[in-house]
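K.L.:
Position in the sequence shown (first residue = 1) + 18 = my numbering.
For the record, the hints were derived by calculation from the structure and aren't laboratory data. Please note: incorrect hints may appear among the correct ones.
What the hints assert, rightly or not - Cross-link-like lysine to any residue pairs, in silico, SDA-like; alpha carbons within 25 angstroms at most:
1. Lys290 / Asp196
2. Lys98 / Ile155
3. Lys217 / Asp196
4. Lys217 / Glu173
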Amino acid sequence: MMNDKTFLHLAIEALCNYGLENAQLTRLGGASNTNFKVDADDKSYVLRLHTSAYHDRVAISSELAWLSSLQSETTLVLPKPIVNLNGELVTGVPADSKPETLCTLMSWVEGKISPTVDILTDDQLAKVGSLMAQLHIHSQQFELPEGFKRQTFNEAHFSGRLEVLYTALSNTELDKSDLNSLKVNASHIITYFAHLERKQDSFGVIHADFHSGNYLLCDEKVCIIDFDRCGFGFYLYDLALALMELDEQQRKAFLQGYETVKPLPADYTNLKQVFLCLAYLDNLGFLVANPEELAFVMGELPFAVEAFRNAVETVP
Numbered sequence: 019m020m021n022d023k024t025f026l027h028l029a030i031e032a033l034c035n036y037g038l039e040n041a042q043l044t045r046l047g048g049a050s051n052t053n054f055k056v057d058a059d060d061k062s063y064v065l066r067l068h069t070s071a072y073h074d075r076v077a078i079s080s081e082l083a084w085l086s087s088l089q090s091e092t093t094l095v096l097p098k099p100i101v102n103l104n105g106e107l108v109t110g111v112p113a114d115s116k117p118e119t120l121c122t123l124m125s126w127v128e129g130k131i132s133p134t135v136d137i138l139t140d141d142q143l144a145k146v147g148s149l150m151a152q153l154h155i156h157s158q159q160f161e162l163p164e165g166f167k168r169q170t171f172n173e174a175h176f177s178g179r180l181e182v183l184y185t186a187l188s189n190t191e192l193d194k195s196d197l198n199s200l201k202v203n204a205s206h207i208i209t210y211f212a213h214l215e216r217k218q219d220s221f222g223v224i225h226a227d228f229h230s231g232n233y234l235l236c237d238e239k240v241c242i243i244d245f246d247r248c249g250f251g252f253y254l255y256d257l258a259l260a261l262m263e264l265d266e267q268q269r270k271a272f273l274q275g276y277e278t279v280k281p282l283p284a285d286y287t288n289l290k291q292v293f294l295c296l297a298y299l300d301n302l303g304f305l306v307a308n309p310e311e312l313a314f315v316m317g318e319l320p321f322a323v324e325a326f327r328n329a330v331e332t333v334p
């Protein structure tokens with residue numbers, strides 16, 4: 019089990035690969051990876067230690083390849099991947115007898131994260147919606163580099179989330195009829211989703227972690243950070259992940275901003291409940307693996323049961 023001292027040692031070792039031996043390090047928050055702000059030579063960076071081991075070197079390189087393409091081909095303000103002294107985007111740092119820890123360095127984007135989604139203005143949310151649409155436009159035209167590898171948010175992904183959620187909640191005192199209702203209806207939605215056609219204007223590389231905790235308010239602009247979860251998926255799924263935490267007025271502002279750049283699909287109205295439910299399932303299936311979140315997930319069950327029951331009525 020790594021501790022703070024080990025993380026700091028790894029960070030210092032990693033920075034030697036970028037010629038940043040005398041940098042000042044500040045530990046940052048992060049749900050999966052271990053992150054540091056790096057200040058050196060009047061410049062600031064973010065160093066990620068990929069301690070979660072969710073992604074291998076190829077997958078991490080693929081994330082940064084997309085981010086680099088966005089940097090060079092759009093006007094969006096985004097973290098810029100930095101190559102090491104060997105010209106590589108990913109650096110491996112040995113850790114005693116353990117497998118090497120993979121590290122990446124990116125430019126620091128100055129801005130503030132909103133403490134709650136409730137205080138975001140309609141104008142800010144419209145800008146976020148516009149930003150997402152620009153990502154989707156770029157994704158449609160993005161030529162995958164050779165060997166590009168990222169996860170796919172497909173039937174297997176959502177079925178796995180459902181199984182994890184169902185198994186965890188089966189070991190609680192929750193009403194089994196509610197659990198079974200959720201499983202049956204969610205399975206129906208997943209089966210319907212699996213047969214949706216993947217087209218260039220509906221499916222591609224998506225951010226897949228679009229929420230207010232990843233929005234940076236930068237002067238008059240809004241920026242997006244943390245591409246660690248990016249992968250292949252429907253653009254409507256990316257939208258659903260963002261809309262999930264918003265109320266109706268906020269959703270309206272977000273979608274208005276989106277549509278200034280890219281029109282919503284003709285079948286958006288018919289499919290929005292399907293994708294909102296899949297986003298809901300994905301989130302609950304992720305959270306339930308954390309014992310500290312179990313009580314919250316249990317409290318969400320009645321809402322999840324109702325949401326999936328209603329969604330089933332909208333599909334064949």
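K.L.:
Now, for every hint given, state plainly whether the structure supports it.
P.N.:
Results for each hint:
1. Lys290 / Asp196: Since the Cα atoms of lysine 290 and aspartate 196 sit roughly 23 angstroms apart, the hinted pair holds (cutoff 25 angstroms).
2. Lys98 / Ile155: 19 angstroms, holds
3. Lys217 / Asp196: Roughly 36 angstroms separates the two Cα atoms, so the pair is violated.
4. Lys217 / Glu173: Roughly 17 angstroms separates the two Cα atoms, so the pair holds.
Of the numbered hints listed earlier, the single one contradicted by the structure is hint 3.
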